[in-house]
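S.K.: Top line first, the protein sequences correspond to chains A and B. Per this note's numbering, the very first residue in the first sequence carries number 1; after that it's consecutive. Per this note's numbering, the very first residue in the second sequence carries number 1001; after that it's consecutive.
Just so you know, these hints were derived from the structure itself, not from any lab. Only a predicted model underlies this, so the values are computations on that prediction, with no experimental measurement involved. The beta-carbon is built from N, C-alpha and C at its ideal position, and this holds for glycine as well. Fair warning: there could be bad hints in the mix.
[Claimed, not checked] When the alpha-carbon atoms are kept at most 27 Å apart in a straight line, the in silico DSSO-like pairs for lysine-lysine are as follows: (1) B:Lys1056 x A:Lys9; (2) A:Lys83 x B:Lys1100; (3) A:Lys9 x A:Lys83; (4) B:Lys1112 x B:Lys1070; (5) B:Lys1026 x A:Lys57; (6) B:Lys1100 x A:Lys71; (7) A:Lys14 x A:Lys71; (8) B:Lys1070 x A:Lys70; (9) A:Lys57 x B:Lys1056; (10) B:Lys1070 x B:Lys1026; (11) B:Lys1112 x B:Lys1100; (12) B:Lys1069 x B:Lys1026; (13) B:Lys1100 x B:Lys1056; (14) A:Lys57 x A:Lys83; (15) B:Lys1056 x B:Lys1026; (16) A:Lys71 x A:Lys57; (17) A:Lys57 x A:Lys70; (18) B:Lys1112 x B:Lys1069.
[Unchecked claim] Among chain A residues calculated to face chain B with C-beta under 7 Å, some are: (19) Ala31; (20) Pro39; (21) Leu43; (22) Leu90; (23) Glu102.
As a plain string of letters, each chain reads:
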Amino acid sequence: DGGITQSPKYLFRKEGQNVTLSCEQNLNHDAMYWYRQDPGQGLRLIYYSQIVNDFQKGDIAEGYSVSREKKESFPLTVTSAQKNPTAFYLCASSMYPLEYNEQFFGPGTRLTVL
Amino acid sequence: SQQGEEDPQALSIQEGENATMNCSYKTSINNLQWYRQNSGRGLVHLILIRSNEREKHSGRLRVTLDTSKKSSSLLITASRAADTASYFCATVLGSSNTGKLIFGQGTTLQVKP
Chain A
1 DGGITQSPKY LFRKEGQNVT LSCEQNLNHD AMYWYRQDPG QGLRLIYYSQ IVNDFQKGDI
61 AEGYSVSREK KESFPLTVTS AQKNPTAFYL CASSMYPLEY NEQFFGPGTR LTVL
Chain B
1001 SQQGEEDPQA LSIQEGENAT MNCSYKTSIN NLQWYRQNSG RGLVHLILIR SNEREKHSGR
1061 LRVTLDTSKK SSSLLITASR AADTASYFCA TVLGSSNTGK LIFGQGTTLQ VKP
């Protein structure tokens, strides 16, 4: 099956811990995105990557980090510097030309800070 | 601030009725997209309409775009209980080549059987 997978589905973090959320796609898409969704809200862009070994900050990058070592993978690390990390995290990918194509979303990871 | 604002925030209708959701935005766009999200799940793309298009159809979905009013509407005809979900509009800015989407806050639709 082609698509985007995210793991884990649920993640619990203690205060002060870093955690890494996984995102993998087998759609051969060049661009990948990370969004955060808070209850009753739309999505806000954290980071995005248009090509391997390159990524840019989105609107709310503080307290987060990413890497893009492989085309298929775009992991997101939520660091202890993120003050309010409890949220639903969604990964997406898209093909070129990016401004004319839809994004395909994974099923999401729900992160809760204990 | 969010580029898009959606109206209404919540909508409750009976099965078989039509549902209309509206989206307004502030700046020039390249295209506008509508997505659906079932509770606790990822988003599913519905329709993409480009800035030079005025109307698009896909099955029971009809999307219109009025760039002079900076607004779009999504019409779902003959609604079904399975249409119960949150619906989001998202815009790609006219100057963008990154595909960056800016989302509205969404409309929650409940279709009662």
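S.K.: If a hint holds in the structure, say so; if it doesn't, say that too.
M.R.: To see whether the hints hold, each was checked on the structure:
1. The straight-line distance between the Cα atoms of Lys1056 of chain B and Lys9 of chain A is roughly 35 Å, outside the 27 Å bound, and the hint therefore fails.
2. The suggested pairing of Lys83 of chain A with Lys1100 of chain B holds, with an alpha-carbon distance near 25 Å, which does not exceed 27 Å.
3. Distance check on the hinted pair: Lys9 of chain A and Lys83 of chain A sit about 21 Å apart at the alpha-carbon level, within 27 Å; holds.
4. Proximity of Lys1112 of chain B to Lys1070 of chain B is assessed by CA-CA distance (about 31 Å); at most 27 Å being required, the pair is judged violated.
5. In summary, the hint linking Lys1026 of chain B to Lys57 of chain A is supported, as the alpha carbons are separated by about 22 Å, within the 27 Å threshold.
6. A distance of roughly 18 Å separates the Cα atoms of Lys1100 of chain B and Lys71 of chain A; the hinted pair therefore holds under the 27 Å criterion.
7. Taking the CA atoms of Lys14 of chain A and Lys71 of chain A, the gap is near 31 Å; set against the 27 Å cutoff, the hint is violated.
8. Restraint check for Lys1070 of chain B and Lys70 of chain A: not satisfied, since their Cα atoms lie roughly 39 Å apart, outside the 27 Å limit.
9. Between Lys57 of chain A and Lys1056 of chain B the alpha-carbon distance is near 33 Å, which puts this suggested pair outside the 27 Å criterion.
10. The suggested pairing of Lys1070 of chain B with Lys1026 of chain B holds, with an alpha-carbon distance near 7 Å, which does not exceed 27 Å.
11. Straight-line distance between C-alpha atoms of Lys1112 of chain B and Lys1100 of chain B comes to about 35 Å, which puts the hinted pair past the 27 Å bound.
12. With a C-alpha separation of about 10 Å, the suggested pair Lys1069 of chain B and Lys1026 of chain B falls inside the 27 Å cut-off, and the hint holds.
13. Between Lys1100 of chain B and Lys1056 of chain B the CA atoms are separated by roughly 22 Å; this keeps the pair inside 27 Å, and the hint holds.
14. Under the criterion of a C-alpha separation no larger than 27 Å, the hint pairing Lys57 of chain A with Lys83 of chain A is consistent with the structure, at around 17 Å.
15. Taken as a hint, the Lys1056 of chain B and Lys1026 of chain B pair is honoured in the structure, with Cα atoms around 21 Å apart against an allowance of 27 Å.
16. Taken as a hint, the Lys71 of chain A and Lys57 of chain A pair is honoured in the structure, with Cα atoms around 18 Å apart against an allowance of 27 Å.
17. Restraint check for Lys57 of chain A and Lys70 of chain A: satisfied, since their Cα atoms lie roughly 18 Å apart, inside the 27 Å limit.
18. In summary, the hint linking Lys1112 of chain B to Lys1069 of chain B is not supported, as the alpha carbons are separated by about 32 Å, beyond the 27 Å threshold.
19. For Ala31 of chain A, the interface hint holds, the least distance from its beta-carbon to any beta-carbon of chain B being 6 Å, beneath 7 Å.
20. The closest approach between the C-beta of Pro39 of chain A and any C-beta of chain B is roughly 11 Å, which is over the 7 Å cut-off, so the hint fails.
21. Hint on Leu43 of chain A holds. Least Cβ distance to chain B is approximately 5 Å, under the 7 Å limit.
22. Taking 7 Å as the C-beta cut-off, the interface hint given for Leu90 of chain A holds, the closest approach to chain B being about 6 Å.
23. For Glu102 of chain A, the interface hint holds, since its Cβ comes within 7 Å of a Cβ in chain B; the closest pair sits about 4 Å apart.
Hint compliance for this structure: hints 1, 4, 7, 8, 9, 11, 18, 20 are broken, all remaining hints hold.
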